[in-house]
Amino acid sequence: MSLLQDLTSDMVSAMKSRDKETLAVVRMLKAAVQNAQIEAGHDLTPDEEVAVMSREYKQRKESLAEFEKAGRQDLVDKTNHELTVVEKYLPKQLSADDVNKIVQETIAAVGASSMKDFGKVMGAVMPKVKGQADGKVVNQAVKAALSSN
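Residue 135 in this note's numbering sits at position 135 of the sequence shown; the count goes up by one each step and never skips.
Don't read these hints as lab results, they were simulated from the structure.
Check the hints yourself; a few may be wrong.
Lysine-lysine pairs mimicking DSBU-like chemistry, simulated, CA-CA at most 35 Å apart [unchecked claim]:
1. K61 to K92
2. K78 to K120
3. K58 to K120
4. K116 to K130
5. K20 to K120
6. K143 to K58
7. K101 to K136
8. K30 to K78
9. K88 to K78
For each label pair, taking beta carbons as the anchor points, the in silico distance ranges come out as [as the list claims (entries may be wrong)]:
10. T84 to I38: 48 to 58 Å
11. D74 to D134: 24 to 34 Å
12. G123 to Q59: 34 to 44 Å
13. K136 to D77: 18 to 28 Å
14. R18 to D77: 26 to 36 Å
15. Q104 to K20: 16 to 26 Å
16. G135 to N35: 14 to 24 Å
17. Q34 to G111: 17 to 27 Å
Bear in mind that the values here come from a model prediction, so they are computed numbers and not experimental data.
Note that CB positions come from ideal geometry on N, CA and C, so glycine has one too.
Please model the entire structure based on the sequences and the hints provided.
Right, dumping it as C-alpha cells:
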C-alpha cells in the first residue's frame, strides 16, 4: 500500500475517532506528499516518499528546539505529538550503535584516515542510512570515528 493510501486511511480513522490533533497532522503530511507528487510530475517512489516524510520530521524537530528555547510548553507538547505521528510513516530508525557500525565499515571501505576524508565518508554513508538516521547523528559519528583514527 502506498504512503498516500496509508495517509488517507489514517485520516478517515482520525475523523471517525474525532482525534482532531492527529487528523490535522495527517492532513498536513498528505498535502506535503501530494505537493511533492505534483512537483515531480509522477507518482512518488518509496525513496521519494521517505524523503518527504524525513523533511517533515526534520522541520518539526527544529521547531521543537525553538519552542523549548522560547519556553513555550504548549507548542512543545503539540510538536511532540506531531513528531510521534510523523514517525509512524518513517522507516524504523537505526540505533547509534548501528550507525557507528556502518560508519566504521564505510571508513574501512573508502580507506579514510583523517578528517580530510570527512566528505568522502559522509558521501558514502548517507545513501546507506537514507531515511533511517538523522544527518546530524551520522555527522557526529563520522567526526568521532575520524578524529579517533
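- Item | Hint numbers contradicted by this structure | As far as the earlier hints go, 2, 5, 10, 12, 14, 15, 17 are violated by this structure, in ascending order.
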